[in-house]
Amino acid sequence: MEVNGLKLELGYIFIKDIQFAEKSKVENGTLYVNKEEVKAIILEDQNFKSADVELAKPGESVRIMPVKDVIEPRVKVEGPGGIFPGMVSKVETVGSGKTNVLKGAAVITTGKIVGFQEGIIDMTGPGAEYTPFSQTNNLVLVCEPIESLKQHEHEKALRFAGYKVAMYLGELAKNMTPDQVDTFETPTLVEGIKMYPELPRVAYVCMLQSQGLMHDTYVYGVDAKQTISTLIYPTEMMDGAIVSGNCVSACDKNTTYHHLNNPVVHDLFAEHGKTLNFVGVIITNENVYLADKERSSNWSAKLAEYLGVDGVIVSEEGFGNPDTDLIMNCKKIENKGIKTVLITDEYAGRDGTSQSLADADVRANAVVTGGNANEVIELPPMDKIIGHVEVADVIAGGFDGSLHADGSITAELQVITGATNEMGFNKLSAR
Amino acid sequence: MVKEIERAGIPVVHMCTIVPISLTVGANRIVPTIAIPHPLGNPSLTLEEERDIRRNLVGRALRALETEVTEQTVFEK
Amino acid sequence: MLKVVHYINQFFANVGGEEMAHIPAELREGNVGPGLAFQQAFGDEAQIVATIVCGDSYFNENMEEAQKTIINMVKELQPDLFIAGPAFNAGRYGVACGTIAKAVKDQLNIPVLTGMYKENPGADMFKTSLYVVSTKNSAAGMRDAVKKMAPLALKLAKGEKIGASSEEGYMPNGIRKNFFDTERGSKRAVKMLLSKLADKEFETEFPMPDFDRVAPNPAVKDITKAKIALVTSGGIVPKGNPDHIESSSASKYGKYDIDGVMDLTEATYETAHGGYDPVYANLDPDRVLPVDILREFEKQGKIGSLHRYFYTTVGNGTAVKSAKAFAAKFAQELKADGVDAVILTST
Amino acid sequence: MIITNNEKVYDKYKDKIKIIFVQGGFKDVLVKTRDKIHEGHELLTHPLSSSVKPNETPFKSVMISDDKRSLNLDSLYIIENSIMTYDNFSKHKFGMMTDQITEDFKLIDLTVLESALNI
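Residue numbers (this note's numbering), protein chains in the order written: chain A, 1 to 431; chain B, 1 to 77; chain C, 1 to 347; chain D, 1 to 119.
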């Protein structure tokens, strides 16, 4: 039965290897990339004076740093709009039709926007276990800005370079037959209520970081700090309606890759129609202004009530003040009689003994943790460093002497991109 | 802290400015006070006026200790 | 091979039940009772060289003496590990296991392990200072307990890295440790939500701070006869802060004699508290600790007496972690000193 | 009004907005803010704004209300928790401070504050 709402078919083309070649193409699971064409795309932006492109594959002795964003190449095959609407594609409502995905490939942007940087991806060794991007075949962009470029413009230019290169790679899969197709469908509110009347109705509250330079998230091109909590179909996220412009506190920032592959959305879809009725997604921001925090959490609670859900999962993004948003969301939603499960991470100190969250409430009685970001890790030297090696000693979460003479690094887990992700992307936990 | 004293079997009255915090930490007999930096005084008054306020508050605390309670109780007057 | 000494009570040593709980500590060679199951689980990696058997009543009623004797026995044997119990839901046995294991750990610096049911009073007393394995509530759970305790025991004896509580089976001790779970966080969240929605039991991965409650004590019968003690979290100390109480996250509390002190003045007292602007409290410390008024009431017979000592900490209202431990300690002193009621002032 | 130890914020807004400039570190700004809240000012921005950890950046700017009312409990709760979190982090101080990095930290602090000012 055809229903109204949004229905998206995600076609996965599995990528097992990445190589440079004369012609960019996808063949037998290998992504071939013409380096010069990619460089030319980056240098279309006159803010960059030079660019380099490198490969990093699983198992290689390679360290990438400082990472700004990770993006999965996707392309719209059928249906309205294009990937990253409002950013590089027109503002068209996405999330329906067909989208092809180069599953197993990723574009990684690196850059030294400010003097202190973090975001490490190791492709092998103990650090590799903590980041999902040690398992993807990565095309890494190393872009050098022109002298006078201001930090804000630099950040924006890097972000767009990543989207454009990811779009370019995605295009290669436009006419391919996927190895696997998964279908995701969300009916309208009215139809959804009728579909599984016996199952508990569940929504997902996705919190978005929104606080300034290198702390921002964009929804259909709008800076999330200027939004009020709203509803979005989960499939819109799969087409890049939400992108990341934030990378400070690398361990618990959602990259664009995380938004495209939101694990809560996927795991709720997996149970949809079986044990629960996945109604939709509420997105809400994490602003600096306390009145904004009150307003946004009021709205997410109001929308949850309006959707008539029995339970929600709330995912946080970032460290410190978002704990306040998280607890506000929890309290206000629980007060509506709706049950909550929260996903967060912890800063319990290196010895694990400190109070982990900057806020707490008795109603937050169901919490999933992505681990203690202060736990110290030893990263052995790698044969090759891609990016800007000189930043190693001034990465956040590092400390005096964190970069040793042999190239090894002693630092807290928080330097590793995606290590304690608060969407629950990883298996890491803590007790 | 107030809970540990209560747990030891000694009736305790908590004199504090922030009643919600007192409720959170589990005090059973609560007397609200003036302000954080000077809970039992008020520097804008004369010494004698301050003593009057303090006398009144401590008197209220003694009354709280003499009062049977079954749940968290704030002694506003 | 690693050497292990095992501590059990009279019941598990097959000496007898409650009627034999008075027997003092004795040393036996090799394993006894549940020690056999541990020995089998250790294989040839470790050997129980001796078992200490002690009656529960004896241990709890002669705690100092019993500890001394047992410590000397263990010292003599120089083991690589000391295991006590498991005690399951036996309260006095659990307390004995925890007490003696802690003593061995602290005094002899030997790794120790015990196990008991989560509601055993010994669990709350010792789970933050020792590895206490969570067992079932009766001896029927012995096999399960040994299965959890033996591998952890070997790790401890070898000095290996100990994983998170949920991996190793010990009770959460307040120290957060990372580990890789079998499913990703989002999946765990969906499962937790389904349990919560179905009103089934679920376990949060991150317990919020303690929000428990203590029932109010009965009122003071006659306040005019009562001995009242003053306690403050406002950090009032004698001028010069003789005990060097830290301005925040203090590692100690102060206990000060106010015998004959009628009024706290700028010249004699001050605040050590870093959690508020100290100007007003320093000018007149009675604004935080009303000694002047209580002396007045004492003279007028409105109270029986003001206790000779006041206690001070620098709690800041929201951070209650360390204050809790201090308070538990001085509350016992107040009780022993015959204090009838406490006025606690906070800033 | 703004409480800050960041000259970049002070210089830019000193003629437009009431500013208390604090000579000192991150913690000094938090303590000054706390004292102001105790006096009855309301906290307007979160003291742990930005994802830069408090042991990494020496700069902090916080906005509070100009007027005083009765003690605001939410403000009090947030500032006390922020100071506690700061103390947890300050056990391990972050070293390495070149002029450029110092400038960058000032800039991040400024942009985060401006995200609340809507400028």
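Honestly, I wouldn't trust all of these hints.
As the list claims (entries may be wrong) - Cβ-Cβ distance ranges computed for the label pairs, FRET-style: (1) C:Gly260 with A:Val376: 51 to 57 Å; (2) C:Ala198 with A:Ala405: 27 to 33 Å; (3) A:Glu198 with C:Glu119: 34 to 40 Å.
As the list claims (entries may be wrong) - Heads up, incomplete: computed chain B residues facing chain C, CB under 8 Å, no partners named: (4) Val2; (5) Glu4; (6) Val19; (7) Pro32; (8) Pro37; (9) Glu48; (10) Glu49; (11) Ala61; (12) Glu76.
In case anyone wonders, no lab produced these hints; they're calculated from the structure.
Don't be surprised by glycine CBs; every beta carbon is placed ideally from N, CA and C.
Violated constraints from the hint list, given by number and in increasing order
Checked against the structure, the hints that fail are numbers 2, 6, 7, 9, 10 and 12, while the rest are satisfied.
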